[in-house]
Amino acid sequence: MSNFFNGLLRLRRGPWEMLATIIIAVGVFMLMQPFVIWAFTYSFIVTLVGTVMFIIVSHFPE
Amino acid sequence: MSDKTADRVAAATPTHVARKIRGLSDRAIAWIFVAPTIFLLLAVNIFPLIWTVRLSFTDYKANRINREPEWIGLRNYERILTDSDIWLNMQATAHFLFWTIFFQVLIGFTLAWLINKKFKGNDLWTTIIVLPMMLSPAVVGNFWKFLYQPQIGLFNYIIAFFTGKDPSSFEMLGSVDLAPWSIVIVDTWMWTPFVMLICLAGLRSIPDYIYEAAEIDRASKLRQFFTITIPMVLPFLMLAVLFRGIENFKMFDLVVQLTGGGPGSTTELTSINLKREAFEKWRTGYASAYAIILFVTVFGLASIYVKALNKVKER
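Residue numbers (the numbering used here), protein chains in the order written: chain A, 69 to 130; chain B, 20 to 334.
Keep in mind that a hint or two might mislead.
Just so you have them, the derived chain A footprint on chain B, three or more residues with Cβ under 8 Å [claimed, not checked]:
#, stretch
1, 98-110
2, 180-189
Residues of chain B clear of chain A, computed beta-carbon distances all greater than 10 Å [unchecked claim]:
#, residue
3, Asp45
4, Trp70
5, Arg94
6, Trp144
7, Leu173
8, Ile177
9, Leu197
10, Trp200
11, Arg223
12, Tyr230
13, Trp301
If you're looking for bench data, these hints aren't it; they were derived computationally from the structure. Glycine included, C-beta positions come from ideal geometry on N, C-alpha and C.
From just these sequences and the hints, can you work out the full model?
This is the structure in structure tokens:
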């Protein structure tokens, strides 16, 4: 866990990609879940943030 | 012979052109060759995408080309993301996506595993199994419509044979509960062979000596399956899930032929709904915003899958 946070602080690709992946997965789940409509409303912005973040952090050093 | 042709072409090149080309660097010549492709890519892919983004902020209607579109900011996105009908369409898509991928991976992998066993006539069986995916989705949709007919449909008779129910007592395409499953069954029937072929490629890429080494170490068949077969087929399986996931997220033709989105809107997947908004209601700006939402979702999913694929490959 501490490796993960160290990687985030040192702008390493692995942990940042992991974070972006989690955000995208949460966004897609929010888009398609059948429980609450507010999650559907905010799903697009969450997915967009995750996707843009993924594109940026995939250029970070390993 | 070819030298002579080259000499002839060189001699035929006008002097001023030849002089210009001779003065160019290798990099510039490379750019000259690549430029038409880049131009085509920009014109066919990038420009429409940027244009769609622009339209998504307007109230443009493609059937009223003389009307000046008004800039309405994020209102289209706001309307889509607070619309409970679109939310229901997303749920229908999620149901379709989850169950088709689940069944296709399960059945596809099992079939590949069975076909991979050396037995007489397995090539013939492979050919027979892959036939459905070679058909047009429109054709498949049409003939499954006949199979699902309550009076004459073979599907209903088979179900009736096993359950003892009257074949005409249930309607797969007309029932709110059964229609979502009817499209799952057809897509699974059509695309399981694709997943099977990819899994088969994965299974055939595993060298025999790994199993031989496991046999020497007295690993059981079950242990070999979970520690050799599954991990080595996983990258291929991920690829199949990626392809099918993206394809099914934008599924259109098969479902339109089968149910047309009905009964009501129970099988109205997002792509069908998007088509209605764009080309039946002619709300082009609104449909553009809708398309951008779907595009970002597919792009995000593709990023996750590609990352997962690379990770499994590294193992």
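Confirm or reject: Arg94(B) is not an interface residue toward chain A, with every Cβ-Cβ distance exceeding 10 Å. holds, 14 Å
When you look at the beta carbon of Leu173(B), is every beta carbon of chain A farther off than 10 Å? For Leu173(B), whose nearest Cβ neighbour in chain A is about 33 Å away, the distance exceeds 10 Å, so it holds.
If we take the beta carbon of Trp144(B), is the closest beta carbon in chain A still more than 10 Å away? Trp144(B) clear of chain A: closest Cβ-Cβ about 37 Å, beyond 10 Å.
Beyond 10 Å from chain A, beta-carbon-wise, is Trp70(B)? The assertion about Trp70(B) holds, with a minimum of 19 Å to chain A.
Trp200(B): least C-beta distance to chain A exceeds 10 Å? Label holds. Min Cβ-Cβ 17 Å, cutoff 10 Å.
Whether chain A covers the stretch 98-110 of chain B (at least 3 residues having a Cβ closer than 8 Å to its Cβ atoms): Satisfied; 6 residues make the cut.
Does Leu197(B) clear chain A by more than 10 Å, comparing its Cβ with all Cβ atoms of that chain? holds, 19 Å
Closest CB-CB distance from Ile177(B) to chain A, is it above 10 Å? holds, 31 Å
Is the nearest Cβ of chain A still more than 10 Å from the Cβ of Arg223(B)? holds, 31 Å
Verify that the Cβ of Trp301(B) lies farther than 10 Å from every Cβ atom of chain A, and report whether the claim holds or is violated. Holds, because the least Cβ-Cβ distance between Trp301(B) and chain A comes to about 23 Å, which exceeds 10 Å.
Per the stated criterion, does the least C-beta distance between Tyr230(B) and chain A lie above 10 Å, as a non-interface residue requires? holds, 33 Å
Closest CB-CB distance from Asp45(B) to chain A, is it above 10 Å? Fine: 28 Å to the nearest Cβ keeps Asp45(B) off the interface.
Violated hint: 2 only; the structure is consistent with all others.
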